[in-house]
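Peer 1: Working from the sequences, and respecting the hints, build out all of it.
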Amino acid sequence: MNKEGPRASIGRDATAANVDDHDLVRATRGGDRDAFRTLFERYHRRAYALAYGVLRNPDDALDVVQDAFIKAHEHLDKFEGTSSFYTWLYRIVMNLAIDLLRKRRRVAPVELDVLDSGVDDSLLPKLFGGNPGRALLDKEIRARIDEALGELSENHRTVLVLRELEGLSYEEMARAVGCSKGTIMSRLFHARRNMQKRLVDLVERPAAAPSDDDVEDDEVA
Amino acid sequence: MKPHDIDLMQQADGELPRDGAHDPKLDALDELHELVRGRLEAHADAVPEARFAAMWKEIDQAIAAPAPKDSAEHAAQVPGLWRRLSRWLDRYRGYIITGAVAALALILRSPSNDDSHAPIEPMPAAYRPTEIESLDTPGGTPTVFHVKDEDGASTVIWVSPDDTVDGI
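Chains A and B, in that order, give the protein sequences. With our numbering applied, the first sequence corresponds to residues 1 to 221, in that order. With our numbering applied, the second sequence corresponds to residues 1001 to 1168, in that order.
Read the hints as simulated data drawn from the structure, not as lab findings. Careful, some of the hints might be misleading.
Only part of the chain B face toward chain A is listed, based on derived beta-carbon distances under 7 Å [to be verified]:
hint, residue
1, K1002
2, P1024
3, K1025
4, A1028
5, E1031
6, L1032
7, R1037
8, L1040
9, E1041
10, T1155
11, V1156
12, I1157
13, V1159
From the three backbone atoms N, C-alpha and C, an ideal C-beta is built for every residue, glycine too.
Peer 2: Right, dumping it as structure tokens:
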């Protein structure tokens, strides 16, 4: 893939799977595009999951992932290596996804925690009986989770995705989103509370055994 | 938000040590975490590899192109001569217009009779206004006056700044 000359490439070696991200970054800086391809192959789906979680649109998510890798390559000299390459990459993905949401936002978002202020706002004690893997085999539950995620406000969903998918701390989320730690906690609490509320009528329903209908047929074509 | 729930949430997220190990709400938070994470990862896994292969082609072409982004960024960061001139003109437009009007009035004004060193030229039989073929006054509307008085004839171009609204 590297068309720039006979420079040694570590990116597509048989041992590339064992090469550290930082070594791949160093090789990419030296002009080895195959090394960057290995980074792409390691993280493109994870980056997509993050972008899709925030944007809820497959095409937008793909665009954001593509732009994020191009930007990452362009600004690789600014990557100091104090964090992992993926940590740096997800920030780029997040920024692009949030920018896209802002551009498309036509009206000010309404926070559901404001709407919910008059109701009982405690967390629910259980969902599907402590077996999420089994619950995810149920097509109806999967559809309900998607629906519930889609109904969250952008701010709530962004924080929930950052936490549940990326495992960011409150402090890290506050920096990524650009708000206070208290706001992050509030958004996260209400995001979870709203997710639970939307899933509540399935709580007592026993998770069904997987059937032929329960294949992943509702994804990106 | 109930304080106990906030504590539980912080425990679930590793912000506080877990002491409510058998709290069903804590278990429910763990379950929700698995459901959301599992669902998003399933969406990512469902994207056909061909889509990402096509994406890599686009990325590879973009990163192989020799530095157009640098020049584009440079252009965005360092404004060009015309942009800098425009900004300067915008900033001092009021002064410039006033000065330009005064200068034009002086330039276009016919020589007066009190210039003792200038050769005496006969006045034209009929005053003929200065011809203006074109007049470009960006950001303003020009009005041309031909004035005759005891000092002679003058042409004055008065430029009224257009009303502007920020962002329009």
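Peer 1: Would you mind marking each hint as holding or not holding in the structure?
Peer 2: To see whether the hints hold, each was checked on the structure:
1. K1002: For K1002/B, the interface hint holds, since the closest Cβ of chain A sits about 5 Å away, which is under 7 Å.
2. P1024: holds (4 Å)
3. K1025: The hint holds - K1025/B has a Cβ within 7 Å of chain A, the shortest such distance being about 5 Å.
4. A1028: Cβ of A1028/B sits 5 Å from chain A, so the hint holds.
5. E1031: holds (5 Å)
6. L1032: holds (6 Å)
7. R1037: Given a least distance of 5 Å, the restraint on R1037/B holds.
8. L1040: Holds, about 5 Å.
9. E1041: holds (6 Å)
10. T1155: Interface hint status for T1155/B: violated (51 Å vs cutoff 7 Å).
11. V1156: This interface hint is violated because 49 Å lies over the 7 Å limit.
12. I1157: Check failed: Cβ of I1157/B comes no nearer than 44 Å to chain A, outside 7 Å.
13. V1159: Because about 38 Å separates V1159/B from the closest Cβ in chain A, which is outside the 7 Å limit, the hint is violated.
Hints 10, 11, 12 and 13 from the list above are not met by this structure, while the remaining hints are.
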